[in-house]
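> Spelled out from the first residue to the last, the chains are:
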Amino acid sequence: MTNKQREITYGEAGVEALREEMGRDPSIVYIGQGIGPRGGNFRQTRGLWKEFGDGRLRDTGICELGETGLAIGAAMNGCRAIVDEVFLDFILEAMTQVIQQAATIHYLSNGKIKVPVVIRGAMGSVRNAGAQHAHSFYAWFAHTPGLKVAVPSTPYDCKGLLKTALRQDTPVMFIEHKGLYNSKGEVPEGEFLVPFGKASVRREGSDVTIVAVGRMVQLASEAASALQDEGIAAEVIDPRTVAPLDRDTILRSVAKTGRLAVVDEAPAACGFSGEVIALVSTHGFDSLDAPPRRICSLHVPNPFSPALENEMMPSVTKVVSEVREMLRG
Amino acid sequence: MPYEIVMPQLGLTMTEGAVNTWLKQPGERVEKGEMLFSVSTDKVDMEVESTGTGFLSTLVGVGQTIPVGTVIAVLTEQPAESAGESPNGSVKYPASPRARALAKSLGIEIGEITPKSGTRIVEEDVKQYHANRPAPTVAPISSVKRITAQRTAESFERAPHFYLGAEVNAGKLVVLRSELGEIAERRIGFKPTYTDFLLRALAMALGEQPGVNAYWHDRTVQRRDSADVGFAAQTDTGLVVPVIRKADGMSLFAIATKRRDLSERARAGALHPDELQGGSATLSNLGSEGVDWFQAILNPPQSVILASGSLAKRPIVVEDRLEAGYSLMLTLSADHRVLDGVAAARFLMAIKRTLENPQELLL
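Protein chains in written order, with my numbering: chain A, 591 to 919; chain B, 68 to 430.
Everything labelled a hint here was simulated from the structure, so no lab data went into it.
Just so you know, these numbers come straight off a predicted model, no measurement behind them.
Please note that a few of the clues may not be correct.
Away from chain A, derived, C-beta distances all over 12 angstroms, residues of chain B [stated by the list, open to error]:
#1 Glu83
#2 Lys99
#3 Pro146
#4 Glu190
#5 Ala202
#6 Phe229
#7 Tyr261
#8 Trp283
#9 Arg286
#10 Ala335
#11 Val385
#12 Ala391
#13 Ala412
#14 Met416
In silico BS3-like links for lysine-lysine, alpha-carbon gap of 25 angstroms or less [to be verified]:
#15 A:Lys846 <-> A:Lys788
#16 B:Lys183 <-> A:Lys846
#17 A:Lys846 <-> B:Lys91
Using C-beta positions, here's what the derived DEER-type ranges look like [unchecked claim]:
#18 A:Leu783 <-> B:Thr132: 50 to 58 angstroms
#19 A:Lys788 <-> B:Glu331: 53 to 61 angstroms
#20 A:Pro881 <-> B:Pro146: 19 to 27 angstroms
#21 A:Asn718 <-> B:Glu176: 50 to 58 angstroms
Ideal Cβ positions, reconstructed from N, Cα and C, are used throughout, including at glycine.
Build the full structure now, drawing on both the sequences and the hints.
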């Protein structure tokens, strides 16, 4: 089997990125809950503690504020730190550390203090885990100056973006999707990087541009396949990092297709979908042949009921019908 | 806020319908509950009442099949002038930015387009309209013509032109040309044209008066060190000005040979771009076209251009008598930023003198 054909999971790709980077750079330390001997709730650090030991991977108590502060402090003092919030939902306990310290210290210190920290967490709805374990607020961080935000959608990107994140001198939010950890894809062994701010065109098409990140990329691609059967060629664009955002690829695509839809697992209000539409409305106004649409989750907390949650989330059916309506003019 | 009227679903299985008749006119006020239009579905025809109140605008056309839920009309709070009837009586529709941009680039008036479906003009509608338009009657323009248009406009706007005229007694010139004919045939294979004599005279004057061989640049007068003369040549694709380099040091025959070579290659489109660059002054000769005299536009950045009319028999004053004799009308156009009237006059008079005493042209 050649490297090219090797398939591993999204979760394994993250572990591989960590193993390579921790081996390469002894200043990397990993802090979080259950990430040591247990190997992570999502197996996201499986095998690493055995390999690198307690000095490099340190379990903490259930105290997001403390562990995040610890990692940021370490990053300010010569370490390259990763703090794992596991469920992104619980970063809320540590927000003051993320926003007031990590994102801001570089500015407050006139560039003297660098904060090379990667803040990791898994977002999104999976298996009806209820409102408190299903948030997708990655866009909040893109709203804050001083943070980079990576949102991988494939095993390849998970490895390549995490390795890039671990080489930044600025804080990076590395936001995976819970529902993708077991998804498989081709990932080369060994060194490669995925740059920040460079979108991937997942599928080419001439009729409509669909922009999506994280798990919604898969959903948008499935919708594009279904639309293909109706003779509608959808282009699917995955920005891969939300900050920095690859504006050029999005604008170029809409210049070709004339239509824009954004699929987002987060609610529409003041979110990523609005940002992409504002970008195109401002810098690609003359490209637009139809009002842009957003297919987002409804503006309610995620219901525990599977039937209700499925109804409130974007779906292949919803994307197909919205795009079909756009094309009808 | 404008109120949107949509294609109603008149039964569980209805997915699309067509408006049969509009029961109100564009611009007319409609009250909620009033009958507004009648609809045909695959099963029934029925009248439908308005779901809102306002002034009617942007209707879809009668007979178009439209999906359920699609906007077919808009009710506005004010009888908007932009909505409703346009001057030619057709209904105006909003257009997508893409459709507008395309229409603009194709020179299409967006108001003339009717959307194929729905109430908005989209790119496809503009493309259709464009494809069905009769071909434009405007002749395509060559790049040479485009460059001439741009350069003459720029010259005429920027360079302050003034004009001086002189009538040249061409009697001796006619005789000389005739006498030289046989020698020229032997030496260069053809008889020089009057253009060749004029180019030689122009080149000599430029060599003698270096103040004229100059041009305006960045608020200063720049002198050239080489007297290069160009001549206007008409080709199938437009006007070109080939240049003869260092013409003040060339004999009449050398100039004639070069001029002939350049003219032939200009007509064949075989000139090198370098041969069309620069030049100190230009000769434009419309004499063979029968023009008595004319004023030429400067060929920037040159500061003089000589316009030559026809060499013809005209009344000439000899002492106190009128005689018939050959004369030639010359008009010099000059750039006043570089030359004043007296300097330009001296330049023109130098040319006149050599043409009237044409033996000098052979020296």
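> All hints, please: hold or fail.
Here is how each hint holds up against the structure:
1. Glu83: 10 angstroms, violated
2. Lys99: 26 angstroms, holds
3. Pro146: 25 angstroms, holds
4. Glu190: Given that some Cβ of chain A is not farther than 12 angstroms from that of Glu190 of chain B, nearest at about 5 angstroms, it is violated.
5. Ala202: Non-interface label on Ala202 of chain B holds, nearest chain A Cβ at 26 angstroms vs cutoff 12 angstroms.
6. Phe229: Holds, because the least Cβ-Cβ distance between Phe229 of chain B and chain A comes to about 47 angstroms, which exceeds 12 angstroms.
7. Tyr261: Tyr261 of chain B is indeed farther than 12 angstroms from all Cβ atoms of chain A, at 57 angstroms.
8. Trp283: At about 41 angstroms from chain A, Trp283 of chain B clears the 12 angstroms cut-off, so the statement holds.
9. Arg286: For Arg286 of chain B, whose nearest Cβ neighbour in chain A is about 40 angstroms away, the distance exceeds 12 angstroms, so it holds.
10. Ala335: 43 angstroms, holds
11. Val385: 74 angstroms, holds
12. Ala391: 70 angstroms, holds
13. Ala412: The assertion about Ala412 of chain B holds, with a minimum of 56 angstroms to chain A.
14. Met416: Fine: 60 angstroms to the nearest Cβ keeps Met416 of chain B off the interface.
15. A:Lys846 <-> A:Lys788: Roughly 19 angstroms between the alpha carbons, so the hint for Lys846 of chain A and Lys788 of chain A holds.
16. B:Lys183 <-> A:Lys846: Roughly 21 angstroms separates the two Cα atoms, so the pair holds.
17. A:Lys846 <-> B:Lys91: 40 angstroms, violated
18. A:Leu783 <-> B:Thr132: 50 to 58 angstroms: 53 angstroms, holds
19. A:Lys788 <-> B:Glu331: 53 to 61 angstroms: Given range 53 to 61 angstroms: holds, Cβ gap about 57 angstroms.
20. A:Pro881 <-> B:Pro146: 19 to 27 angstroms: This hint holds: roughly 25 angstroms between Cβ atoms.
21. A:Asn718 <-> B:Glu176: 50 to 58 angstroms: 56 angstroms, holds
In summary, the structure is inconsistent with hints 1, 4 and 17 from the numbered list given earlier, while agreeing with the others.
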